[in-house]
Every structure is written in C-alpha cells, then in structure tokens.
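> Chain by chain, the residues:
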Amino acid sequence: MHLPKTRKRGCIASRPYLCAVVFLLACASRLAAHSRAQNSAPVGSQAQTQTPAVEFTDEAGRTVHVPQPVRRIVSLAPSLTETLFALGAGNLLAGDTDYCDYPPEALSKPKVGGAINPSIEQVVALRPDLVLATKSLNRRETVAALERLGIAVYVTDPRTVDAMIASTARLADAAGVHDAGAALAANLRERLAALQARLGGEPARSVLFVVWTDPLISVGRGTFVADALRWAGARSVVESPQDWPQISLEGVFRLQPEFLVFAGEHSEAEQRNLEALAQLPGWRDLDAARNGRFAIVSEAFIRPAPRLLYAIEQLARQLHPHAFALPAPSEQKPAGAPVALGLPAPAAWAGQPHFQEDYSACAR
Amino acid sequence: MRPLTLKRVLWDCGILLALLFLVVIVSLKLGAVPVSMYGLGRDLIRVALGRSSELSSEYRLIVFDIRLPRILLGIFVGASLSVAGASFQALLRNPLADPYVLGVSSGSALGAILALVAAPHLHLSSLASALLTPLFAFLGAMATIAAVYFLARREGQIDSGTLLLAGIISASFLSAVIMFLMTTLPGRDLRGMAFWLMGDLSTPLPASYRWLLAVGFFAAAGAVYTTAADLNLLLAGEQEAIHLGVDITRVRLVVYVAASLLTALAVSVSGAIGYVGLLVPHVMRLLFRSDYRLLLPTAALGGAIAVVIADTLARTVVAPTELPVGAMTAMAGAPLFVYLLRRRLA
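Chains as they are written, first to last, in my numbering: chain P, 1 to 364; chain S, 1 to 346.
Calculated directly from the structure, the hints in this document are not laboratory data.
Check each hint, because a few of them may be wrong.
Now the in silico label distances, taken between C-beta atoms and shown as ranges [said to hold, decoys possible]: (1) P:T57 to S:V317: 32 to 40 Å; (2) S:L286 to P:L249: 51 to 59 Å; (3) S:G161 to P:Q271: 52 to 60 Å; (4) P:A53 to S:V257: 31 to 39 Å; (5) P:H65 to S:V338: 50 to 58 Å; (6) S:S126 to P:A53: 35 to 43 Å; (7) S:M179 to P:D287: 30 to 38 Å.
From the three backbone atoms N, C-alpha and C, an ideal C-beta is built for every residue, glycine too.
Start from the sequences, fold in the hints, and give me the full structure.
Spelled out as structure tokens, the structure:
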C-alpha cells in the first residue's frame with residue numbers, strides 16, 4: 001500500500017529538483033561563459049597597451065611577455081624583494097610578501113600575504129606590470145592563477161651561487177634595469193673570485209648547516225645553500241636529495257661535523273640560545289658543540305639574493321680566520337662589515353651596517 | 001506529519017536558493033581588496049543584462065575573474081560533499097557517516113596524489129592526464145569505503161561504533177601515507193600537504209575541469225536522487241525495506257558508486273575539506289525534515305552555502321594571507337556538531 005504512494009511522491013518531488021537543476025545549470029553556464037570571455041583577454045596588461053611587450057624566457061622555461069616599460073612590480077619572495085632593492089629598483093616595487101623584511105624599506109611596501117598563500121586579488125589590485133616568483137618558495141598554482149589573469153609572472157630558480165648571480169642579471173633585464181644588473185653581477189663575480197683566491201689552499205671544513213633547530217632542518221645537496229657553503233670553504237655533512245630535509249641528531253652524531261653553522265640574527269640572545277642548546281642531550285655529544293665551534297651567519301645565507309655573497313664572506317671569515325689574517329694582494333677592500341676574527345663573535349655584525357651602502361654602490 | 005508535497009519542496013529549496021544567492025553576493029563583496037556595494041550592484045546588473053563589456057576593469061578582474069570562479073567552485077564542492085555525506089549516512093545507516101570521518105576523502109586524496117605522480121611517466125594526452133586525477137581519486141574513494149565497510153562488518157551486521165573506528169583508522173592511516181609521499185617524493189610539482197589534508201579552494205580550475213565537475217555532480221547527485229524514496233525505507237530498517245520490495249543491492253550499488261564519485265570530484269579539486277558532509281545534512285534534517293526526497297536537494301544547497309561562507313572567512317579573517325578552507329569548516333563544524341549531539345541527547 002505504502003510503496004506506490006511513496007514512489008509516486010518521489011516522482012513529483014523530483015520535478016522541482018529538476019527545475020532547480022536546470023536553473024542552476026543555466027546560471028552556472030552563463031557565469032562560466034562570462035568568465036571565459038574575460039579570461040581570453042589579457043586584462044592585466046590593459047593599462048600598458050600602447051607599448052609592445054618584450055618576450056623573456058624565465059628559469060622555469062616559461063615564455064613571459066613583459067609590458068614595457070615596467071613601472072610596477074610585485075615580488076612574491078623575500079629574496080626577489082632584496083634583489084630588486086640591490087638593483088636599485090626598489091622604487092618599482094609595488095608590493096611584497098609578509099616575509100619581505102630586508103632592506104627595511106621593504107617592510108613599508110603594501111603586503112599581499114605569505115609567499116605560499118598570497119591573496120591573488122591583492123596582487124591584482126596593485127596593478128603590477130610584472131610579478132616575480134621563485135620556484136622553490138612559491139606554488140605553481142599561484143603562478144598559474146596570475147598567468148590566467150593575463151599578468152606577466154617571471155619565475156626564478158637559482159640552484160647555485162653562480163646561477164643566483166646570472167639570475168639576478170636576467171631579472172634586471174626583465175625589470176628593465178639592464179645596466180644595474182650587469183654592474184651588480186660583475187661586482188658579485190669579482191667578490192666571489194677574490195674569495196676563492198683567498199681560500200685557495202684551505203681545506204674544506206665539514207659543517208652542519210642548521211636552518212631550524214626544532215625540528216632539526218638542514219639543507220640538501222641540490223640547494224644553493226650547499227653551493228654557497230662550498231664557496232665559503234665548507235662542506236655540508238648532510239647529503240640529502242631533498243631541499244630542506246629534516247634530520248636526526250643521531251645522524252649528525254655519526255657524521256660529527258667540525259662546525260655547526262646557524263642562520264639567524266647575530267645577537268646576544270641568539271648566542272645565549274646557542275649556548276643553552278649546546279647543553280641539551282644529543283647536542284652536547286657533538287664535538288663541535290662541546291668545543292664551542294659555532295658559526296652564526298646572516299639569514300641572507302638562506303636567501304638566494306645578492307646579499308648571499310656577504311653571508312658567504314661572513315662564514316668564510318669564521319671558518320678560515322687564517323686566510324683572512326693577511327691582506328690578499330689582488331683583493332680590494334672586502335665589501336662586508338668589518339668582522340672580528342675568532343669565534344664566536346657576538347653582535348659584531350648584527351646590523352650588517354655597510355651592506356645597504358654596498359647595494360647602492362652596485363646599482364650606480 | 002503532513003505528507004511531502006511539491007509545494008513544500010519548492011518552498012524549502014527556494015528559501016535556500018535565495019539564501020545561497022545572498023551569501024554569494026556578500027562573498028563577492030568581501031575580500032582583501034575592498035569593493036563598494038554600489039559598484040558591485042551596478043556591475044552585477046550589467047552582467048545580468050549581458051553588457052559585461054561596460055564593466056570597470058578593476059571590478060571585473062577582482063570580482064568576476066578571481067572571486068566568482070572560486071565561489072562557483074565552493075558551491076560545487078560544498079554540494080558534492082554534503083550530498084555524499086547524506087548518501088553515506090543512508091548507505092551505512094549511520095548518522096555520523098561522512099566522507100572525511102570515514103577516511104574516504106583521504107583515500108581520494110591519496111588516489112589523486114598517485115595520479116599526479118604517475119601522470120608525467122605515462123605519456124598521455126592532456127585530456128587523458130586531466131581525467132586521470134579524478135579517476136584515481138574515484139578509485140581511492142571506492143577502495144576506502146569498501147575497506148571501511150568490510151572492516152566494520154561482523155556477522156553480517158555493521159556495528160555503528162566499529163564503523164566509525166574503522167573510518168578513523170583508515171583516515172589516519174591514509175593521511176600518514178599522504179604525509180610519507182609528500183615528504184619523500186620530489187614534491188615540487190604537487191600541491192602542498194595542507195591542500196590535501198585540510199582542503200583549499202584558492203587554486204583556480206582549468207575550464208575543462210569545471211565542466212567535468214558540473215556534469216559529474218549532476219549525474220551522481222541525480223543518480224542518488226532516483227533512490228531517495230528507497231533510502232527512506234532503507235533507513236527505517238533493512239528487513240522492512242526488503243519486504244516493501246526495495247532492491248537493496250541495486251540501491252546500495254548506486255549510492256555507493258555515486259557517493260564515491262561525488263567525494264572524488266570534490267577532493268580532486270579542493271583537497272579533503274572536513275565536516276561539511278557530516279554537519280550540513282544534520283542541520284537540514286533539523287531545519288526541514290529527514291525525508292531523503294527533500295533532504296538531498298536541501299543538503300546540496302546547504303552544503304554550497306556552508307562552503308561559500310567558510311571560504312569567504314578563510315579569505316578574509318587574516319587577509320591578505322589565506323587560510324585553508326578546511327581549517328574554517330573544522331573550526332566552525334566541530335563545536336556545532338557538539339551542540340547537535342547535546343541537543344539530540346537532551
């Protein structure tokens with residue numbers, strides 16, 4: 001008795017459902033058609049239609065059409081923000097991420113959120129001619145989303161120090177500051193060569209590069225940090241194929257690095273933290289920790305930007321003080337801050353005082 | 001109780017549809033970049049009149065090219081998860097069933113990840129590789145729900161507590177496998193861990209995928225809807241349903257495949273968003289009634305509303321940085337669930 005009745009009602013009830021379905025489908029297709037029509041036009045470059053775009057191939061192998069001249073740039077990574085300032089193009093920067101803290105001028109730029117999850121609409125609202133992203137930090141989806149909106153996105157992917165320098169020069173081309181890029185790249189290569197001349201005969205120190213202490217994160221062999229360590233006369237004991245591997249203290253104990261290298265702000269608080277860390281079980285069994293063989297380098301060491309050279313020099317001075325005891329004949333005055341020899345040297349270069357000037361010197 | 005009439009269904013769905021429309025308008029207005037209500041209204045009217053070329057470029061870009069596709073995605077994901085949840089609740093005759101709680105979302109996510117890893121090695125055409133992800137997500141969902149079902153079965157009966165435990169065990173096992181894969185594989189080309197474990201709507205979809213999602217949703221939800229009357233009887237009792245002539249095997253098969261497909265579609269585009277499939281059908285049962293012929297459409301609309309609201313919050317709470325939408329649904333969903341439980345017990 002019940003069944004036919006129920007079934008029948010089921011049929012009746014399905015009619016409004018169908019109506020709703022048809023209505024929703026109609027709405028959806030209307031809106032979808034609309035957004036497709038929108039997407040076909042490169043809207044982002046609309047304001048600059050007068051001048052033709054220049055074609056670049058970025059480091060992800062993508063072809064990027066950058067409208068000329070470039071007046072507004074949004075950077076999606078701290079290293080790219082730094083690079084722009086180092087190129088003397090900080091005035092072109094229309095916005096950057098929450099993590100862009102160097103140079104201090106970068107802090108006052110409009111923010112678009114974090115590097116991994118920026119607000120796309122905030123980027124668009126800044127009306128950039130060019131958005132800079134880096135493969136190791138930004139997500140592919142973010143790049144794809146901006147690309148679909150017709151915004152030129154240039155992606156960098158430096159995996160070595162040399163690549164970082166070349167990348168800086170190419171980025172300068174894309175941003176329309178070719179001369180500054182060439183000058184900066186030449187300066188950086190010179191400094192690298194001078195450093196190599198100084199460290200020529202020195203044996204490489206085995207080091208554990210500590211990105212983060214809890215959990216213990218180090219660097220993999222394919223990263224620019226591992227390469228930067230080689231330039232500083234060091235060799236990372238971690239040989240992971242991952243970029244930022246989480247490693248165990250036990251593994252470190254087996255490898256017994258000569259030095260522990262920490263990336264961070266060089267302050268007294270940091271120094272105390274390290275001393276406390278060296279007392280912890282696990283850490284205190286490391287020869288390097290027992291003997292106080294720490295090196296603290298600027299956070300610039302983990303940012304593939306021109307300031308990396310400064311951090312490399314800073315580390316080289318700590319690992320190979322003898323090589324720096326005598327002035328090298330071929331070398332000009334070292335560009336970094338005056339650094340106290342010996343280890344560890346708290347707060348000696350906490351503010352990295354002269355580097356900003358160094359930047360402007362390069363850009364001129 | 002008065003019988004369910006066409007008028008009643010239309011009214012209830014109409015109310016929810018109006019609410020969804022309102023939520024969409026508010027969601028279009030809110031975001032990291034301020035948009036005036038007046039400008040938005042003017043532009044919406046222009047679009048409605050088919051004069052979209054007159055839009056100011058800023059509004060067009062931010063409101064119609066960034067926010068609108070995301071809201072539409074949220075609508076489909078919410079509706080899919082919610083209908084999938086309601087279907088699993090009927091299929092397993094358990095009010096606490098949900099794609100996320102049962103581990104089906106995690107199984108789906110694992111399938112999608114495997115497809116993304118395998119795709120570059122298979123030399124497929126672009127269409128085939130686009131279809132590979134939802135297909136593997138679908139297989140993952142089907143395998144997980146089957147595993148959970150057989151884990152929970154004892155002497156031909158499904159014990160409610162065992163079912164939930166089996167679901168939780170599967171979910172945590174599969175999440176662990178996902179974490180393992182994300183850490184060991186060269187994951188640069190995969191979406192982040194937070195995406196697969198928490199859900200995220202920030203990634204815009206290619207157009208072909210949007211159509212796949214729409215067609216898949218309507219096909220699967222429609223299939224479940226054809227069994228709505230039988231599901232009502234099934235919920236009253238298996239034996240009773242058999243005596244009343246319900247082809248239990250067929251109904252189960254349809255609901256099993258359709259609900260897995262709905263979960264897979266949602267997960268392959270947005271990751272594992274939790275609690276929507278659990279809570280929305282419950283709220284709809286409280287607000288309207290638990291007749292599946294009414295529950296399925298109201299749950300679809302309610303799920304859409306819930307996810308659009310959650311995603312709007314995810315976009316705006318700590319703007320310009322964005323939260324994963326799954327964090328919002330869990331934060332709002334868990335307390336609401338406790339409230340519902342207490343109310344039921346009282």
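> When the structure is checked against the list of hints, which entries are broken? Sort them ascending.
4, 6
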